[in-house]
Structure formats: C-alpha cells, structure tokens
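A.B. asks: Each protein sequence line maps, in turn, to chains A and B.
Numbered as in numbering that gives the first Met the number 0, the first sequence ends at 184 without a single skipped number.
Numbered as in numbering that gives the first Met the number 0, the second sequence ends at 447 without a single skipped number.
If you're looking for bench data, these hints aren't it; they were derived computationally from the structure.
Idealized CB from N, CA, C, for every residue including glycine.
Among the clues, some could well be false.
Heads up, incomplete: computed chain B residues facing chain A, CB under 10 Å, no partners named [claimed, not checked]:
| hint | residue |
| --- | --- |
| 1 | Tyr-108 |
| 2 | Ile-109 |
| 3 | Lys-289 |
| 4 | Asn-434 |
| 5 | Met-436 |
| 6 | Gln-441 |
Capping the alpha-carbon separation at 30 Å, the derived lysine-lysine pairs in DSS-like fashion look like this [as the list claims (entries may be wrong)]:
| hint | chain 1 | residue 1 | chain 2 | residue 2 |
| --- | --- | --- | --- | --- |
| 7 | A | Lys-163 | B | Lys-424 |
| 8 | A | Lys-163 | B | Lys-165 |
| 9 | A | Lys-139 | B | Lys-424 |
| 10 | A | Lys-176 | B | Lys-97 |
| 11 | B | Lys-165 | A | Lys-170 |
| 12 | A | Lys-103 | B | Lys-423 |
| 13 | A | Lys-103 | B | Lys-424 |
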Amino acid sequence: MDATMTTNELRTASALAGTACVIAEASRAGPPALKPLAALLTDPNVEVARSARRALYRIIRNAGRPGAAREARAVEAELIALLKSDAAPVRREVLWLLSEIGGKDAVAPMAALLADPEAREDARCALTRLPGDRATAALKSAFASAPEDFRFALAESVRQRGGKVAGYPSKRLIPAKQTSVGQAR
Amino acid sequence: MSMTASQTSKRARISRRGFLKTAALTVGAFHIVPSGVIGAPGRPGANSRFVIAQIGVGGMGNTHLDNLLKFQDEGKVRIAAVCDCNENRLEAAFRKTKNQATPYLDYRYILQRKDIDCVLIATPDHWHAVQTVHACQTGKHVYVEKPASVTVREGRAMVDAARANKVAVQVGAQARTAKGAWQTCRAIRNGIVGQVRKVTCWHYVNPVDEEPVPDSQPPEGLDWDLWLGPLPWRPYNIRYEPGTFRWLLESGGGNIRDRGAHQFSTILWCMNADQQTSFTVEAKGREPAKGLWDNPVEMQVVYQFKNPDWTLVWGQPGDKVGQTEFGNVFWGDNGKLVLEWEGAYRPANPEAVNFKLPPGGKEVYRTDEYEDFNMNHKADWFKSIREGHLRPAVDIEIAHRTATLCNLGNLSYMLGRRLVWNGKKEEVVGDPQANRMLGKPQRYPYCL
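Just chain A, with the same shape it has in the complex (with noise of 0.2 Å):
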C-alpha cells in the first residue's frame, strides 16, 4: 500500500482486490495507515471493518516492540488525533488500541472521554491499563466530577491502581438479573 492512499482508494482498492489481503497489506505502511484504516471500522461492510481492525491492531503491535520507542510515539500521536473521531465505534476502538501503546501523552485525551457517554467505559477500561500515576491521577479527578452511575466503576478502578475512595462499594457481587424459568413451581 502506498502509505498516503486515502480511506476511499483503499476500499475501492478492497473491493477490486479481495478485503482481507488489501487491508492487511495497508498495515505494512506503519503509522500513516491509522487514519484511513480506523475510517474503515465504520464501514457497512463488515468484512471491510473486520478487516481494518485487524491490521489497526497488527501496527501498534509492531511498533510496540523492544527498542522502537519513536515508531511507538508516532503510533500515539495519530491514535490520540483519531479520539475525535465523530463515529463513537471509532473512539471505542482507539481507546483500546491506546491501552496497548499509550503512553503520558495520551492520558489527558483518553481521560477526557471518561465523559463521553457512548465510550466512558471503554475509556475507563483503556485507562486501568496505563502504567503511571497520570492515568490514576485521571481516573481520581474523573470521579470527582461523573455521574453518580458511573462513580461505582471509576471507584472500582481507582481501588484496582491502589488508590481509595470513601464510599461507593463494589457492585461486582450483587445480583442484578432474574429469571422467569420455574416461576410456575
């Protein structure tokens, strides 16, 4: 893949070419692919965003290994740009990209979708998964000003990393969900 070919020529390039083989070949070109390959994700295709979602994750897996720090930096900094994505799925999926590379830089970008109402849980997730003090930093400040509903999970987070928080107890072992099978007994 040319590492400037745009979302449409890459998936009339798909679409000529067979889905899988194009969209993989496309990770080769590093971190220029991120941004044409995530306008995929929301493709009506579903082989197409399967597809680029594969090869989103086969980049940021190469550029994480040992001793390439700068691919790995260059991998952030595209992926904190595509967290304004309009397309909610597209926000979801970075996040989780962003948990496997991101670094200090992308904690404040990830945190901020922590008020995101379709990706706070991902965002949360995506942050429990940084290293450092920054995320937990995020996550103590994020509570301080989320919706009640969302206090619980956030809590569950900032307790994970260490931190405490006065109130809000783990909801992990109260049943929530009943049955109608053998209510005729």
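With chain A fixed as given, assemble chain B onto it according to the hints.
C.D. replies: Only chain B this time, still in chain A's reference frame:
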C-alpha cells in the same frame, strides 16, 4: 458443612420472591463477611453431602450436570441451583433436575446463598476467572472448566483468591485423574523412552468463519449483557454464541487454549515440570482471511525450557503421529511414546499400559474412585475438600501455569515476536507492551 435436613427443608419453603427480598437486604453485608466463614471450608465430615450449584449448563455443562445428578443419586451431593444467562438452556437444566434445583440467570444469587458449599463453573472462558474469584470470596469451593483463564493476571488472581479464602479450586483438565494419562505419566517418569528432550503436539487447525453474517439482535432468552460479562460491549453476532466463542482470541483462544489446556497439563505432569515456570515462547500462525473468528488457522508454537532442557512444540496441524484428532509424542533418548486425547477419552499406548515399574521406580498417585474420568475428576475435588488439604489434582496453581503456556502462545502470535517469560516474577523480560497485555481490564461490574 452441609445443611441439616430441617434447614434444607426450611430453605425450600422460602418463596423465591421472599428469598430475593431477603438477599437484597443482605447485599451490603458482603463486604464485612470474613473469608472462609461461609461453609467452614476444609472441615467437613467424612461422609459430607455437599450442597452444590452449577453455573453454565450448555455444552460441556451438560456432561457436568449429568455427573452431578449421578453423585446426587449416590447421596454425595445435593444440587441446589443451576444458572445460565440463556433461559432456554436454563429451563432444560432445571427440568433435568426434576425441577428441584433453583434456577438463576445471574450467578451472583448463588454466591449469596450460604447453604451452598461448592460451585461448578462451565461458562465460556472469559467468565472463568471472575466467577471463580467471586465464588472463592464467598467461601465456595470451585470446580471450573479449563482453560483456567484468558489472561495471566486472571490466573494469578484465581490462585490468590483460592489461597486467601482457603477453598479448593479444581480445574477441569481431567487427564491428571484419568487412567490413560496416568499410565503414560508413570512410564515416562520412570524412563520408558529414556530422557525426554522434546514433546510435540498435533491438533487439527482452527476453523475459518467462511460465512460471516452481520450483527443482529440476540435470540430470545439470551441475556447478551451477561454473556459478554467482562468483555467490552459489542452487538450480538451469531458467530460468537452459541458454542463458537472458542474461535475468538479474547473469549476462547482457539485450540491451543482449549485442547492445549488438556495437553499441556498432561505433558507438564508427565515431564514432572510443574515447577519449570520460566521459558521462551515463539509463535507463528496464519490469520484467517475472512470472517469474525480471529484465531490463527495454522499455528506453531515453540517453548524452550531450561534445567532440565527440553522443547515443547504445539503444532496445528503439526505432525500427526497417532490416529485421532489430537495428541502428543514424547521423544526420548531411547525412542518415543505417543499419547492421544490426553489419555482420557482414549486409552494409553499399549507400551504404557503394560509398563512395569523398574526396581527403585517411583509410583505416581492418582485418585481412582470412578472408571468414568469426568466423574473421577470431580471425586478427586470432593476428596480434597473432605480431607481438608484443598489441593485437588489440577489445583488452580497448576492450571494457572498450564493456562500461562496457552495464553503466552497466543500473545506471542498476536505480537509477532518471541517472548522471554520469567515465571517467578510472572513478567515478560524487556517487553513493556507484552506485559501490559498480560491482563485486560474488565467491564464493570463483571470484574475481578
């Protein structure tokens, strides 16, 4: 340990609505109940009749429920509850118990019941760790299907929860209580082929989702949110469930995590290598070109152990030596010994069956109460509880180490690079990204 007959009868008279109301009122108490209070684990009498619940009743869960019904007929257990996030399966299981077990959609109702001593977990893999840890925390002994976990961090949490709460956790890799594997184990350990330098596995390839379909509404009766549990939310697709979760890396991990959990457990046992926790792992595989399933179609994973030095090779398909769909070969200085289907569903090779211990040879222990290896594996679990040592044949620590082999094989494939595993520290040497991927944050509230 178990309830008295009068207590049981009283419990049975409480209406479900009344029970739920009571349960809701006592929810807050969970945070102050000390570990190990419920059921007084480890101190039952010799003739204990365990009160048991089963979580997950589809697929292999059917075999487990059949086993429990036999144990119930023998007066060894009472099946108090069955649970599944699919009401169709739940209804079938409920009927199988002749409407005697209380049906639940949500497993946490089972954990709230103080009369239940043990739980058997046969849910998809991505649920194993969460449900096991929660059951341990509420004082239940656990039998959980293999593989133990889908990440290394989950496995460690399971071990810690079992130890902290003093309960027995048996993992359903049955070979260590099966006759065929036992015969092979004692033969290998006592030198039937001399020093073993290499063990190779063969297994058929992972299938390809050749007819992908778009996402859709979940079928009636399936609580999709509960099925997903710890996984990130996504729409239902029939290629996830029923029964096909196995072919996705995050929920099933493919054959290396499914049958690998059996084969690696058996191989470590035969090689007496449970303590060899450090190794290198390098995986290569071919990604499917189509469909939802993302496990590699063909796959080869090479593990190198040191002191003593030996190599373990997962081959998919690998070099098939035996007649059946999966198995392994022990390559020794003086020949080779084949083991098919980890010696449970298939008998051992005749050379192993007929093997006589040499003078000074060491015998290998196994529980031998039932000819049926599925029954025998559960008998071994009950025995560990009755005897109070709480270390069944496939104790969670052993299963965690086995699952670590499976999970790191998949991780090496996903990352496309060789990993050096420090088993003592449970970390990948010099690879921060790999270490980050040893765990995966879970969706609230379905988390460890």
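A.B. asks: Run every hint past the structure and note whether it holds.
C.D. replies: Hint-by-hint comparison with the structure:
1. Tyr-108: With a minimum Cβ separation of about 4 Å from chain A (threshold 10 Å), the hint on B:Tyr-108 holds.
2. Ile-109: holds, 9 Å
3. Lys-289: This interface hint holds because 6 Å falls under the 10 Å limit.
4. Asn-434: holds, 9 Å
5. Met-436: Interface hint status for B:Met-436: holds (6 Å vs cutoff 10 Å).
6. Gln-441: Since the shortest Cβ distance to chain A is 7 Å, the answer is holds.
7. A:Lys-163 to B:Lys-424: Roughly 26 Å separates the two Cα atoms, so the pair holds.
8. A:Lys-163 to B:Lys-165: holds, 27 Å
9. A:Lys-139 to B:Lys-424: Satisfied, since the Cα-Cα distance of roughly 29 Å is no more than 30 Å.
10. A:Lys-176 to B:Lys-97: The given pair, whose Cα atoms are some 23 Å apart, holds under the 30 Å limit.
11. B:Lys-165 to A:Lys-170: Roughly 23 Å between the alpha carbons, so the hint for B:Lys-165 and A:Lys-170 holds.
12. A:Lys-103 to B:Lys-423: holds, 29 Å
13. A:Lys-103 to B:Lys-424: holds, 25 Å
When each numbered hint is compared with the structure, no violation occurs for any of them.
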